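4 protein chains.
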Amino acid sequence: MSGSMGMNMRVNIFGESHGAAVGLVIDGLPPGLPLDLDFVQKELDRRAPGKSKTATARKEDDKVQVLSGFFNGCTTGTPLCAVIYNKDQHSRDYSELAAKMRPGHADYAAHVRYQGHNDHRGGGHFSGRLTAPLVVAGAVAKQALAGEGIGVYAHILSIGGIKERAFSPLGEPEENLKSLAARPFCVLDERAGQAMEEAILAAKEEQNSLGGVVEAMVLGLPAGLGEPFFDPVESRLAHALFSVPAVKGVEFGAGFALAAMKGAEANDAMYYDEEGKVRCFTNNNGGLTGGLTNGMPLLFRVAVKPTPSIARTQATVDVVKKENCQLTVTGRHDPCIVPRAVPVVEAVAAWQLYDLLLNAKKWVKQ
Amino acid sequence: MSGSMGMNMRVNIFGESHGAAVGLVIDGLPPGLPLDLDFVQKELDRRAPGKSKTATARKEDDKVQVLSGFFNGCTTGTPLCAVIYNKDQHSRDYSELAAKMRPGHADYAAHVRYQGHNDHRGGGHFSGRLTAPLVVAGAVAKQALAGEGIGVYAHILSIGGIKERAFSPLGEPEENLKSLAARPFCVLDERAGQAMEEAILAAKEEQNSLGGVVEAMVLGLPAGLGEPFFDPVESRLAHALFSVPAVKGVEFGAGFALAAMKGAEANDAMYYDEEGKVRCFTNNNGGLTGGLTNGMPLLFRVAVKPTPSIARTQATVDVVKKENCQLTVTGRHDPCIVPRAVPVVEAVAAWQLYDLLLNAKKWVKQ
Amino acid sequence: MSGSMGMNMRVNIFGESHGAAVGLVIDGLPPGLPLDLDFVQKELDRRAPGKSKTATARKEDDKVQVLSGFFNGCTTGTPLCAVIYNKDQHSRDYSELAAKMRPGHADYAAHVRYQGHNDHRGGGHFSGRLTAPLVVAGAVAKQALAGEGIGVYAHILSIGGIKERAFSPLGEPEENLKSLAARPFCVLDERAGQAMEEAILAAKEEQNSLGGVVEAMVLGLPAGLGEPFFDPVESRLAHALFSVPAVKGVEFGAGFALAAMKGAEANDAMYYDEEGKVRCFTNNNGGLTGGLTNGMPLLFRVAVKPTPSIARTQATVDVVKKENCQLTVTGRHDPCIVPRAVPVVEAVAAWQLYDLLLNAKKWVKQ
Amino acid sequence: MSGSMGMNMRVNIFGESHGAAVGLVIDGLPPGLPLDLDFVQKELDRRAPGKSKTATARKEDDKVQVLSGFFNGCTTGTPLCAVIYNKDQHSRDYSELAAKMRPGHADYAAHVRYQGHNDHRGGGHFSGRLTAPLVVAGAVAKQALAGEGIGVYAHILSIGGIKERAFSPLGEPEENLKSLAARPFCVLDERAGQAMEEAILAAKEEQNSLGGVVEAMVLGLPAGLGEPFFDPVESRLAHALFSVPAVKGVEFGAGFALAAMKGAEANDAMYYDEEGKVRCFTNNNGGLTGGLTNGMPLLFRVAVKPTPSIARTQATVDVVKKENCQLTVTGRHDPCIVPRAVPVVEAVAAWQLYDLLLNAKKWVKQ
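Just so you know, the sequences run in chain order A, B, C and D. Here the numbering used here = 1-based position in the first sequence + 255. Here the numbering used here = 1-based position in the second sequence + 255. Here the numbering used here = 1-based position in the third sequence + 255. Here the numbering used here = 1-based position in the fourth sequence + 255.
One chain only, chain A, in its complex shape:
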C-alpha cells in the first residue's frame, strides 16, 4: 500500500502527472500553528519547472489551494488538504509510451505492478511532479520547526562530478545556510555553480543528462530525537528520501567514508561547552548516534541519478507487441533534476524531523 507516511504528522499524497491534480492530506498537525501560505507558495516556486534554461520547459504555475484544516490563519488540528491543479499538460507527447517502456524509469516495473492499469502519461503517479505535494508538506513542517528554533538547509554538493565545498560538519555558519534558499541555483560558491550550469547545458546539447549529490544540514535539533528499532532518525530520513524519485544513495555524517576509518578517528569525542551543552570535537556521525540526535548538526547526503528521460534513441521493450524496440523520448525534460531536488530534500527532511519532534513531546513531563 502506498500513499501514507508519518507517525504524528502523517502525509498522504495523491495525483498523476497528467491527471486533474496532485495534492496531499496531512493528518496530525497540532491546532493553532500559524501558517504563512505565501511561504508555502515560495517553497513550491523553488521547485517549480520552467524557470531557467537548465530545466524542463513545462510551465506549471503550481498554485496551491488549501481545502481544509486551515482557519483564521492557523491549522485547526484536523486534516489539512492542499491541491495543485495540473495545467500545462501535453499528453499527446506520451501516447507511444503506453507500450514502449522508458529505460531508467518506473514504466516497466509499474506496468507489471499495476497490471497495465496505471496512468502512464508522464510517468503518472511516479512522476517527479509528485514532489510538489512533498514540498507543501515540508513548507508546513519548516514553519513548525522554525517556531522551535530548528532550520533545515540543503545545497548542491556536486553535479556531473563537479563539486563545491561541503558544509562544515561542525556547523556551517547559519547566515551561509540561510542565504541558499534565495538562490535559483543552490550553491555556496557561485563559481562552482556556474561550472555546474555549464555542464548541464553541455549535457543537454548532447541529448544527455546529469546527476549529482545534495547535501543537507539541520541546525537547532535537540538531543534525543528518534527511536531505536525501527525508527532511528537515519531510518526515517532515508525512508522518506528514497521515496523521492531518482535518489539512489543516502549517507549520514562521514557516511561511506566511515567504512575506511578506524574507531579512534571515527568516534566523536564529547565535551561540555561553555554553556554547559554537550558537543563533539568532530561530527563523523552526522549528529546521530544510536539512531538518535545527539545535539550536533544533522548532516546527510543524497545521491541523485541523472534524469532518465534523454532525447537519444535507446533500446527497450514494447510490452504490447512483446518485442524489442527502439525508443526516442520526446517531450520536455530536465537535463538535470538536482537543482530542483534541493527544496524537495529539505522538505522531506523537515517533515520527518517534525514528526519525530512530535513523538518526543508525548514523553515530556507536563
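Calculated directly from the structure, the hints in this document are not laboratory data. Keep in mind the model is a prediction, meaning the values are calculated, not measured. Mixed in with the good hints there might be a few duds.
[As the list claims (entries may be wrong)] For lysine to any residue, the following SDA-like pairs were computed, each having C-alpha atoms within a straight-line distance of at most 20 angstroms: (1) A:Lys-318 with C:Ala-276; (2) C:Lys-616 with C:Leu-474; (3) A:Lys-577 with B:Gly-531; (4) B:Lys-620 with C:Val-619.
[Claimed, not checked] A few chain B residues that don't get close to chain A, going by computed Cβ distances all over 10 angstroms: (5) Leu-288; (6) Phe-294; (7) Asp-523.
[Said to hold, decoys possible] Restraint ranges, calculated between C-beta atoms of paired labels, are given here: (8) A:Ala-570 with B:Asp-316: 52 to 62 angstroms; (9) A:Gly-402 with B:Leu-425: 48 to 58 angstroms; (10) C:Glu-351 with A:Glu-529: 48 to 58 angstroms; (11) B:Asp-293 with D:Ala-437: 44 to 54 angstroms.
By construction, the Cβ of each residue, glycine as well, lies at the ideal position given by its N, Cα and C atoms.
Given chain A, work out where chains B, C and D should sit, using these hints.
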C-alpha cells in the same frame, strides 16, 4: 514509538543486552509455512559472538525458543514469539557507564531520550545484541522466500579499506552466492578475506577498531514489488538497514557513483531475453526503477562504521557530575563488527522483501 | 491522530462543513477495478440532504469529482482522491456558536481538544457532512464487493421507538434487501415507514428530534474473514461505525439479548447443507464466531441518537465569557438523522469488509 | 494481520492456550513510569481461573515474568515484554476437536482462515486465555492513569437476566467503585451477586452456561480526549472491547435506549459548576460528545454471550470427514465467563484511554 515494522510480516523486537532476554514477535505470517528451526539456529550461529579471535569474547550460545505461532512444524498464522535468553553477562563491566557516555555510542542521546531511565548496561536496548532477533525474523523470511525461488546473499565488500571484488551487477553466479553462508568470514576471495582478518587483528592490537562495507544481492525477485510514495523498495530496505546499529550509508545499484554518470550511461536499456523475460543490458539501478523491482538482481551496499567501543582512553562527558572526563571502555568488544553484520543485513533484507511480496499477493487475480 | 483507517483499503477523509470542500483519499485499491462513478453519485444522493420534509433544508448537490487514481474507467492502483465542494453554506447562522457550546454536540469537547482553533461553523470537521466522503468510500467498496458476490444492505429498524420487522437472521431474501436502496425511506414495511415519518414530523413540530436503530445485513461473505486480537470483524466494524456521528451503540447477531440467553440456546449448531456448505441452524452470533466470519449472513444493529440540534432553547456554557447561558440553535437541521444514516452505515461496513477481504487474499495459495 | 493495537502504547499479544506461553510486548511506554509488579500480579489473579466453583477448574498460577523494558522499578521507555508460561494443560482433552467444530466458538471460522494450520487445542490463539496478557497491559495502563488521577472501574450489571443496580451516570461515588476490585464477585449489591452465583451454579448443573452485561465507568478523564474520524473514544474502546472473546455488544451512555429518546431529553445540557468546571445536568452521552471526552464520567456497557463450551451434546460438523456429527465438549470450562471478564474490560479500557491520553500530550504547549 519504537519496536515495530512491517506491513504484512510485522516484527516487534524487545530486550536489553543485560536484561533477561532478547526476542521478537512476528505478526502476519501466513499459516502453513514450514519452518526449519535448525536453520533459524544456524543463522543465529552465523551472527553469534565468540567464534573467532576477530570477535568479542562474550559467549552466548543464543539458543532460540519459539513460544507461540508454531505448531506441527509450520507457522499457525497467529503471532510467533521467539526468545533468546541472555546468559554470559558481565554486568559489572558497565557500572561506570551510567554516568560516562561512550563516544560514538547511543549512550548520551539515549540518556536524554529516556530521561535517564534506560538500561545502560551494555548499551541496553541499543546493543548490537538486538540484531539476534532480527536474524530470527530473517531466517523465517528466508525460508518463505526460498519457497518462491528467491535467495538473499551478502558478503564483506571491504574492511578498513581492504576490498574484495564486488558482485557482478548483472547477477553473481548463484553457486558463488550460496557458498558464502557456510564461510565463517563471508568473502568470495579468501585471500582478500585473510588480509581483512589481519587488518582487524592489527587494529585490535592497537586498541582500535575497523568498519567496512557489506554488499548484498537478491536473486529471483519478480518484477513489480514495491510501492511509490512512500514504500519504494529502496525506502523499506534503507529504513530497516539503518535500524541496524553502526550502519551509516546505504546505496542501491551504482549508488553514489550514479551521481557522476550521464543518463545515457546510467539508464539500463532493456530487452526481451530468449525466454521472453525482460532484462537490462546493465544494472546501474540495482534492480530497482521507480522504486519497484524490475526483474534484475537487486543489489545494494551498506556502510558500517568502526565499532565505537575501543580500549583507548577517550574524552567524554560525565552526565551525573556534569563535567568533562576521560573514559577507558573495558569489557569485551568486537574490533570489527562487519563480519557479524553480514547475516544481519541478509536477514533484514529478506524480511522486508517478503513483506513486500505479501503486499503484492493481495492484488493477484485469483 | 485522526483522519485515516484501513489496513489495505485505507481511507483518509478531510474537510469542514463550511470550508471549501470535503473529500477523501483512498490508498491501496487494487488496479483495474472498474468503477461506475454514476453509482458513486447515486449513493451520495441517497445520503444527500434537502430531499424531503423530514430532512434539513440545506441543499447540497454533492457532486463528487475524482482527482486521481482513476483512468480509463478503472482504478489505477494509486491513491484515489475525490472531492465534494461545499456550496450552500449559510455561515452566518453559526457566529454565536464560537462561544456557546451546543449540548449533545462535539462543540465543547472539540473546543478543548483543538485549543479553540477548530472551525466551529456547522460543527466543522465534526459535522455529519463528513459522512459524504464515507459514502464515496463505501460506493467504491460496494462495487469491489459486488464483483465477489457480496452485497451490503441496511434498513431503518426503528425511529423514536416505532419499529418495523427485523431482517431474518438466517438470511433476509435478497430481493427484499435489493429493493431497499431505491426507497427514499429505507424500510421493508412501508406502513411502518409512514408511521416513522409522521413521528419525525411531529417531533419537528415540537422543536424536537428523534433517534433510531439501523440494522444491516451482508450476504455472500466467505467464511474466515477477520483476525483475532485486535482485528475481529466486530472490532473493525464497530470502530468504523462509532466514527459515524451520533452512533452510540453497536451489537452483532442477537447482541445485548445474548446476555440473557443460555449457552444451549445461544450457540449456533452447525451442519453441512445440501451443497456441502457449512451452515448454522440459528444465527445468534450474527455470522461471526471468534471474531471471524463463519459463512452465515453478517447481521448487526447500530443505535443512532436523536439529532442534538433542536430549535428549543437549552442551557449551556459560554466558553468566551466563561459563564452559563441559554442557547437557541437556529439554522437548518434534520429532525431525525436516521434515514440518512442508512447509506452511511452500509458504506462504512462495505469499506471495512472489503479491507478484510483484501487481507485474506494475501494468504491464498497462488 | 492480527496481534497489534495502539497509537502510542501499542500492545502485541501472542500465545496459544496449550502452547508454551502467552504474553505481550508493549511499545511506546514513557520512560520512568514506576511499575508495581505486585499490582500487575493482583490484577492477573482477579482474572485467573480456579478460584471458585463458578469458574473453570483449570488452575493456572499465571505468574507474569517481565523480560525487558523494566529497570530499577520503572519502565525504560523501550519495549516491555511480559510472559506467562502455561502449566496446567490437559491437551488430551482436545484431540477430537481438530475435526469436530465446537458451536459458538472460533473453531470453524479459524479452520478456514488458517487453512487447518491453527493450534486447535483449547481454542489456541482464540482462547480466553489470551485475555491474561490484556490484563497485564491494563495493569500497566492503570498505574499510568492513576498518576494522572484517572480510575477505571467495572462491575457485573447482569448475569442470565439477573440485574444489579447500574452505576449512577452522573458519577458513582468513588468509594463504591474502589471497593469493587477487592471482591471476588464484582457487584455493588452482594444480594444481587448471590442470586447471580446461584443462577450460574444452576446453569452448570443443567450442563448449560450464562452470559451477562459488564458496565464500566472511568472517573477523572480530562475533556478533549479522542479524535474525529476515525479515532473517537467510542471507536477505540469498542475496537478493543470487541477483541475480547464473547463480547457481542457495546454501548455508551444511554446507548440503545437513546434510539427511543427525543433530542430535548437526550441532550446533556451544560453548566459551569462551582469550581468553574464544565458539567452536564444529565449524562446520556456517557461522557462522550463528538467522539471526545467532555469531562463527565465515561460510561459504557458490554454484552457478553454465554460460554459456548457446554457439556451438552450439540450438532456440528466434522471438517475432516466432511460430515455432520454430534459433539460433547468435555474438559474444564467456566459456566459463566462474565465475572472473569470484569478485569479484562477494565484493562482494555485503561489501555485505550492511556493511549489516547498520550496522543493528547503531543499537542500540549510546553
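Each hint tested on the structure:
no.: 1; hint: A:Lys-318 with C:Ala-276; result: holds, 17 angstroms
no.: 2; hint: C:Lys-616 with C:Leu-474; result: holds, 19 angstroms
no.: 3; hint: A:Lys-577 with B:Gly-531; result: holds, 8 angstroms
no.: 4; hint: B:Lys-620 with C:Val-619; result: holds, 11 angstroms
no.: 5; hint: Leu-288; result: holds, 22 angstroms
no.: 6; hint: Phe-294; result: holds, 23 angstroms
no.: 7; hint: Asp-523; result: violated, 6 angstroms
no.: 8; hint: A:Ala-570 with B:Asp-316: 52 to 62 angstroms; result: holds, 55 angstroms
no.: 9; hint: A:Gly-402 with B:Leu-425: 48 to 58 angstroms; result: holds, 51 angstroms
no.: 10; hint: C:Glu-351 with A:Glu-529: 48 to 58 angstroms; result: holds, 57 angstroms
no.: 11; hint: B:Asp-293 with D:Ala-437: 44 to 54 angstroms; result: holds, 50 angstroms
Hint compliance for this structure: hint 7 is the single one not met.
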